[in-house]
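Got chain G sorted already, so can you dock chains C, B and R onto it with the hints?
There are 4 protein chains.
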Amino acid sequence: MKNSPSSASSPNKESYRPLPPPYLEIEERVRYSETDQMGVAHNKGYFEWFEIGRTEYCRKKQIPYKDIEARGHALVVVEAFCRYKKALRYDEPFLIRVALREMTPKKAVFGYELRTKDDLALIAHGYTTHIAVNKKGEVCPLPEDLVEKMKRPLAD
Amino acid sequence: MKNSPSSASSPNKESYRPLPPPYLEIEERVRYSETDQMGVAHNKGYFEWFEIGRTEYCRKKQIPYKDIEARGHALVVVEAFCRYKKALRYDEPFLIRVALREMTPKKAVFGYELRTKDDLALIAHGYTTHIAVNKKGEVCPLPEDLVEKMKRPLAD
Amino acid sequence: MKNSPSSASSPNKESYRPLPPPYLEIEERVRYSETDQMGVAHNKGYFEWFEIGRTEYCRKKQIPYKDIEARGHALVVVEAFCRYKKALRYDEPFLIRVALREMTPKKAVFGYELRTKDDLALIAHGYTTHIAVNKKGEVCPLPEDLVEKMKRPLAD
Amino acid sequence: MKNSPSSASSPNKESYRPLPPPYLEIEERVRYSETDQMGVAHNKGYFEWFEIGRTEYCRKKQIPYKDIEARGHALVVVEAFCRYKKALRYDEPFLIRVALREMTPKKAVFGYELRTKDDLALIAHGYTTHIAVNKKGEVCPLPEDLVEKMKRPLAD
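Residue numbers (the numbering used here), protein chains in the order written: chain G, 1 to 156; chain C, 1 to 156; chain B, 1 to 156; chain R, 1 to 156.
Here chain G stands alone, though its shape is the one from the complex (with noise of 0.2 Å):
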């Protein structure tokens, strides 16, 4: 087998970049559940946590991402991308922090970094891309009163 170059494998390896503050910043903790025989949270509980991130972003932001679908939008994932640096135990507290990278009417880049509590070390950090589209999941500009709401900065 011929190994394909680092840099088309993994393109992502070089790209951390902090998340620029402000940010949101929520806590949550490790469900039993979300471990797996290793002992450590499972790697797709983090595109969850990612999730409960945004969704509480869009709420600070005074746009209840439930409002958004309930005038007919939706921001669908078309991207995830999840890069982990230290495992997380059961019932461990941790940080999620979230912040929009790119807005646009057709597209939204959220970015993500997860810490512990105790000494704010990474645990990960990720991004998704999202593309705006109506009912029927056709591309669909987001109105522009919801553009401008998720630009204006996060109060503190």
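The hints are simulated quantities; they were obtained by calculation from the structure and are not laboratory data. From a predicted model like this one, the values you see are computed outputs, not experimental measurements. All residues carry an ideal CB built from backbone N, CA and C; glycine is no exception. Just to be clear, a hint being listed does not mean it is correct.
Below, simulated PhoX-like cross-link-like pairs (lysine-lysine); rule was C-alpha separation at most 20 Å, straight line [said to hold, decoys possible]: (1) C:LYS85 <-> G:LYS107; (2) C:LYS149 <-> C:LYS107; (3) G:LYS107 <-> G:LYS61; (4) C:LYS106 <-> G:LYS85; (5) G:LYS85 <-> C:LYS107; (6) B:LYS107 <-> R:LYS85; (7) B:LYS85 <-> B:LYS117; (8) R:LYS85 <-> B:LYS106.
Take a look, some chain B residues computed to stay more than 12 Å from chain G by CB distance [said to hold, decoys possible]: (9) PRO20; (10) LYS61; (11) ALA70; (12) LYS86; (13) LYS135; (14) GLU144; (15) LYS149.
Structure of chains C, B and R alone, referenced to chain G:
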């Protein structure tokens, strides 16, 4: 908010490379519990399917993953990426294709594609990067016989 | 603390009744993501397996569950019960057996057994009770043709 | 098909008994990933919420569940039951109430109620029965100090 350049926020945008044959192909169906209220498979499920793919890949290479763990080794996920191209509905049959993109004693990169069963349309593609560790979670090269077995071409 | 009488707190203790043949039998394997840090399949996964069982049961009766929903009906879960007898490990193959214990236009009760593939040892048994509703979630009898199809004996 | 008598197929039908105070109460919200295509929380999620409830219950009693495992003991689930009364929607806040219904060195039964945050309407109720085991999975009584702590009334 200043938008990040796309290249930074979505470094994987241009990275689709077809899986090099021979790849392993297995069939799955979307479980009801894997759908969300948008009526399609939720984004986190794709990482479970990737995992099912690499479990079967290891089995096909005569290295059931549980045997790797029984020998005191593990391949922990350090990166996971998925690009979503097409929604998957409840009960829809689809194909998981897996190939090993890179394999060294300390690192493995698996590549994946999901395709519709009917017309082989691309549903998603992605990769996971793994580091070899021992039971304490310390980086530790895989035994040579495992690496050799993993590198052998897939039998048809 | 005064202990409750066992009969009240565990009303199902004595209720194991073997599944009456003919039942439908399908094979599954435990996914890595379905294990927890105790090293066995997590308790919530069994309810997903029950669901996979009834999906296949409906398909076998020529009533794919998605067709029931497409006709504006649904069978919502109103009760779920599982008795766990034996742990299941990662990658272990096992059998899901499903039978319809009760079927009226407004109500269905499915019974389940999980058994090891090798020696048919009982892993778990349980049931789910479902009420027929319309798209608004109101109780609404299933169309007669669906009830008749569901009641027909399973073909071999 | 001959219908089973209801009493046999749904033995829990009449078993709702209000949770005796004092119970522990915690608040949660429905995650997007916990919904299904019916637009409501999927039935398996309730068992995760029950588990979150008992984790917090043990913590409140000064016996973090991870400490029980660290001492070589575990409380494995041998029965799980849920009665679903009212659907839960994405992002809906709700209350998990937990009480210990039975506690002996070899057995624990937790009771649960989920209620809406706004008007305390009953969403679901259920219980889980647990057997005390050692690391090999053999039945093994819990140390007396743990049993005593668990039996102490919940402080307000």
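These are the hints, each one checked on the structure:
1. C:LYS85 <-> G:LYS107: At roughly 15 Å apart (the allowed maximum being 20 Å), G:LYS107 and C:LYS85 satisfy the hint.
2. C:LYS149 <-> C:LYS107: Roughly 14 Å separates the two Cα atoms, so the pair holds.
3. G:LYS107 <-> G:LYS61: 17 Å, holds
4. C:LYS106 <-> G:LYS85: Within the cut-off at roughly 16 Å; holds.
5. G:LYS85 <-> C:LYS107: Satisfied, since the Cα-Cα distance of roughly 15 Å is no more than 20 Å.
6. B:LYS107 <-> R:LYS85: The hint holds at about 15 Å.
7. B:LYS85 <-> B:LYS117: 15 Å, holds
8. R:LYS85 <-> B:LYS106: 16 Å, holds
9. PRO20: Check passes; 33 Å lies beyond 12 Å.
10. LYS61: B:LYS61 is indeed farther than 12 Å from all Cβ atoms of chain G, at 31 Å.
11. ALA70: 17 Å, holds
12. LYS86: Nearest chain G Cβ is 17 Å from B:LYS86, so the label holds.
13. LYS135: 15 Å, holds
14. GLU144: 33 Å, holds
15. LYS149: For B:LYS149, whose nearest Cβ neighbour in chain G is about 31 Å away, the distance exceeds 12 Å, so it holds.
Of the numbered hints listed earlier, not one is contradicted by the structure.
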